[in-house]
Amino acid sequence: MTDAYIFDHVRSPRGKGRSNGSLHQVTPIDLATQVLAAVRERNELDTSKLDDVIFGCTAPVGEQGSVIPRLAVLNADYDQSVPGKQLNRFCASGLEAVNTAAAQVMSGQSDLAIGGGIECMSRVPMGSDSGAMHADPGFAYKSYFVPQGIGADLIASLEGFTREDVDAYAVESQARAANAWENGYFSNSVVAITDQLGNVLLDRDEHMRPGTTAEDLAGLKAAFEIPGQQAGFDAVALQKYPQVEFINHVHTGGNSSGIVDGAAAVLVGTKAMGKALGLEPRARIKGFSSIGTDPTIMLTGPAPSAEKVLKRCGMAVKDIDLFELNEAFASVVMLFMRQLDIEHDRINVNGGAIAMGHPLGATGAMILGTVLDELERRDQGTALINLCVGGGMGTATIIERV
Amino acid sequence: MKTLDIKTDSDGIALITIDLKDRSMNVVSPEFIVEFDQAVDQVAGDENIRGAVVTSGKSSFIAGADLLQIVDEIVPGGDPKAAFVKWSGLQQLYRKLETCGKPVVAAINGTALGGGLELCLACHHRVAADNPKAKLGQPEVQVGLLPGAGGTQRLPRLIGLEAALPLLLQGTHLSPGKAAELGVVDLLVSPGQEVDAAKKWILDGGEAIQPWDKKGFKVPGGAGLMNPKAIQTQMFGVALLQKTTNHNYPAPIAIMSAVYEGSVLPIDTALQIESKYFAEMLTNVVARNMIRTLFVSKGAADKLVRRPQGVDRSKVTKLGVLGAGMMGAGIAFVSARAGLQVVLLDRSKDDAEKGKDYSRKLLQKRVDRGRMNADAAAEVLELIHTTDDYADLDGCEYVIEAVFEDRGVKADVTAKTEAVIGSDAIFGSNTSTLPITGLAKASKRAESFIGIHFFSPVDKMPLVEVIVGEKTSDTAIARTLDYIQQIRKTPIVVNDSRGFYTSRVFSTFTREGIAMLAEGVNPALIENVAKHAGMPVGPLAVTDEVSLELAYTIGKQTKADLGDDYVVTPADDVMETMVVELERRGKRFGAGFYEYADDGSKRLWPGLAKHFPLSTEQPSPEEVKTRLLYVQALDAARCLEEGVLTHPADADVGSVFGWGFPPYTGGTLSYIETVGLKAFVAEADRLAKTYGARFQVPDGLRGMAESGNTYYGLAGKGEARTAA
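Chains A and B, in that order, are what the protein sequence lines are. Start counting the first sequence at 6; every next residue gets the next number (this note's numbering). Start counting the second sequence at 11; every next residue gets the next number (this note's numbering).
Just to be clear, a hint being listed does not mean it is correct.
[As the list claims (entries may be wrong)] Computed footprint of chain A on chain B; a stretch qualifies when at least three of its residues, placed anywhere within it, have a C-beta under 8 Å from a C-beta of chain A:
1) 234 to 248
2) 254 to 267
3) 373 to 384
[Stated by the list, open to error] Some chain A residues near chain B, calculated using beta-carbon distances under 7 Å:
4) Tyr146
5) Ser148
6) Gln234
7) Gly237
8) Ala240
9) Val241
10) Gln244
11) Gly297
12) Pro300
13) Gly396
Calculated from the structure, these hints are not laboratory results. Quantities reported herein were computed from a predicted structural model and do not represent experimental measurements. For each residue, glycine too, the CB sits at the ideal point set by N, CA and C.
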């Protein structure tokens, strides 16, 4: 098997996913184009050497439809020989795209590829692609579907996490993200997004609220209490988990991932191709795994997917220096830490999606890049990147610096 | 023809008048299907016929399917492919009607339900008489079925999914006015005008084509997931559906799926989808259970199937009610509402007035909601005479005592009453636990002494349990049943025993729940699983409601009465701990298994974990459910074998309407048949070995399982339906 190496990664800053967000005026094709252009320019890349550009996208409809990575390839004036592929593994799409690019390299079918992702949530709202998961009566019934927020609150109810616990986690996420930005930990990887006149629209994650305190968060309303109680979702959750007396609604906009716009790209290839193009390998993609767990909670995939990939790589939790688990909801990360017995200082050390936002299709590629930068900064060796995924799945990747 | 008549007028309009000769109401019977098919052929084939109007020769249009026929033909666990072939005939007939090439109008003169409304939906135009008593709807879901003659497809195409789904999922009855507002009916006319108005539509050039057969047809409001609004409708709809059905009822989700899948298809394919789901329901035991118990057996009970023969029909004009507490007040209310004069007696006139206040409150609520006018409410109140004087009971043909559950108090009021009332008056005791034969000892006329057990709250609970004492006469039984029919409740008749049937069996449920708590089962699991199994309230919550103290007192009383025969269960210790040691005596006292907040909410008392520590190994939800349902079913089986019950149908009706045993099971004994007798016995044997003698299988049930019989098989089909 050929080894797959990471040569570079870039990401856009994350814009608020609303009509007042700084990236709201940027079309998805434009955002993807700017990220791809940055990869080429930073690496003086001969794009004709690329075998594929794979992007995750969870709502590939409307402006994000028609295989957006191929369109972005053309729009970015990459060599027209470069194909594009869009894939969807819900929230892990960006990581899955990197894994798929790596898989092509590892299997000897590609020498150089880009994996990444895009989601302009302000323009193509979450759920735009609809789907049987929520809306086919027979399936939603059979699978005891409830929205993810109810699943997150269900985790808190099962594990006894209180509102104070999850808020405390969120305060720390904000503090870590603010600290990382202040000290420039992200500056090497974030490319400013500009308009057609060259004006910078955004060069910093704008969803963050540095200085957020527990008191600030305590005032927020539980986001899923009303749908839980009035639309019947709590009742459905209890039918699956009758050991819980009631759903304790602890998640709010303040301790859940933010809705944002963003895109990211990771350049992956063989050592030989890197050498030929003068690219320095920064890390090796050691392995990756996905797994399915209970679709009702929907958010319990991380630990089993982590264990699966650790086993596949012949490693143990202690062999991983840094963990990066997407902060979909505070309870997801807290459960993961409990299950794998990981101290908070080894995971999401520069904050996460609670502070900076979660552009669904892109996040996986973004956090892989973030933790690679941090390994380099700390001069540590290994990281495990992991996301909880719709439908109850989990996807995990282990990288190792070279 | 036996079910309809066709007359063609000078304008060439055929008037099809449906009138089933030997029935009081029109139903979609096999003969009707054959004859209506011929009628459609005639309309289509006769060139002198320009169009047709369908109406009814009775006061109602068509009341629906013939459930007595359907229940016999449902094959639980049968082959749905065969059912598909067998049951799509009516649907295809209605399709033939709407594509016959000539305009057909429904002249809806009265109630049109189920297959009756489906016929109307298959017509090209619907005219309804504005008769506020008429009901239009698709109530199939209430007996475990779905509309199988096009209702799930035509209704959404006519009024949109969002409006159609609630009608189909709840079986809502609409007045003609409301139906017109929603678009189910096209035109509302004065009663008697509907046929003329229907003919006029044809003469004015009404088209012989349905909207959904026209090119470019779109379902109003859109359908399918390409319609963004649909996602919300479906997503919230399915969650609410699960909340109300707890995954126990297959029909609602089948209806929702049929609508969801069918509404994006051409009508003919869509109808096939409907038929597939319909076939599945017709081979599902739940439909059999629901039709048999909720319709056939309840109908028979309402028509007094257990009334002894040879006693003249009677009517109560003046009723005495002793004790104006919660139960007495409720009995007075329902009786006055049925037009009876009521003498409501208590120790003081003030106390009696307090009981009458209950009626005032309920009537005011109805007036406020516009469901009753103030004059009618005043008339009802007028009928209730409050007093503390036994002499006022003079002239009562029936007296019900609802005083404190104490033998001495009851004996006292019995004597005082018998001193006043006529020699042929009946005395009914609304005791819920004390054996009637014992109470009758205080009576000089034990043959006229009977148990008449109401459920709380009386105005809401449909069942009345009639308890026959050792000396109770047939006349007393018959007249008690006549009275129950007068107040429009459903009676079952049982023989005397401690707790009779309902209180006795229901207490096995609460005690089993409490026993699990004692074993260290997570109380949330007990409560949730009970509700998910279909019980209205968890065993701990309901014990809190009736009060732990009462349950404890009854237990002590029973122990004292039975002496060595008393079988101690693990629940006894728990109740003693709760009542005596912890002084958590129930909701009324502000604390029980639950703690009660000022805002009316409640949570399981966290202290339970200290006194009844959780065991490290918790049972599966399935095991908890099995214990809670089996313990009741087994005791019901014992009641039948001990002669407390005389008919399996009474066990089923009594359990569903008395204490809310889950309707999808069909009742306590139908539940055993649902599991299958052999499988049930094997599982009960396992439970008996694990948890104790309360799960022991009675001999009769074991024998039936071995010989391959069933309760209803032995009772015979005629049994439940003699009077249906």
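Now for the hints, and whether the structure bears them out:
Only residues whose C-beta sits within less than 8 Å of a C-beta in chain A count toward coverage, and the region 234 to 248 of chain B has 10 of them, enough to reach three; the restraint holds. Under a criterion of three residues with beta carbons nearer than 8 Å to beta carbons of chain A, the stated coverage of the region 254 to 267 of chain B is upheld, 6 such residues being counted. Against chain A, the region 373 to 384 of chain B contributes 0 residues with a C-beta closer than 8 Å to a partner C-beta. That does not satisfy the three-residue criterion, and the hint is violated. Among the interface hints, the one on A/Tyr146 holds; its C-beta lies about 5 Å from the nearest C-beta in chain B, closer than the 7 Å criterion.
The beta carbon of A/Ser148 comes no nearer than 10 Å to any beta carbon in chain B, farther than 7 Å, and the hint placing it at the interface is violated. The restraint placing A/Gln234 at the interface with chain B is violated, with a minimum CB-CB distance near 10 Å, outside the 7 Å limit. Checking A/Gly237 against chain B: minimum C-beta separation of about 3 Å stays under 7 Å; hint holds. Against a cut-off of 7 Å between C-beta atoms, the interface hint on A/Ala240 holds, since the closest Cβ of chain B lies about 4 Å away.
Because the beta carbon of A/Val241 sits about 5 Å from the nearest beta carbon in chain B, less than 7 Å, this interface hint is met. Residue-level restraint check for A/Gln244 holds (minimum Cβ-Cβ distance to chain B is 6 Å; threshold 7 Å). Residue-level restraint check for A/Gly297 is violated (minimum Cβ-Cβ distance to chain B is 21 Å; threshold 7 Å). A cut of 7 Å between beta carbons decides the hint on A/Pro300: the least distance to chain B is about 14 Å, and the hint is violated.
Taking 7 Å as the C-beta contact cut-off toward chain B, the hint placing A/Gly396 at the interface is violated, the least distance being around 15 Å.
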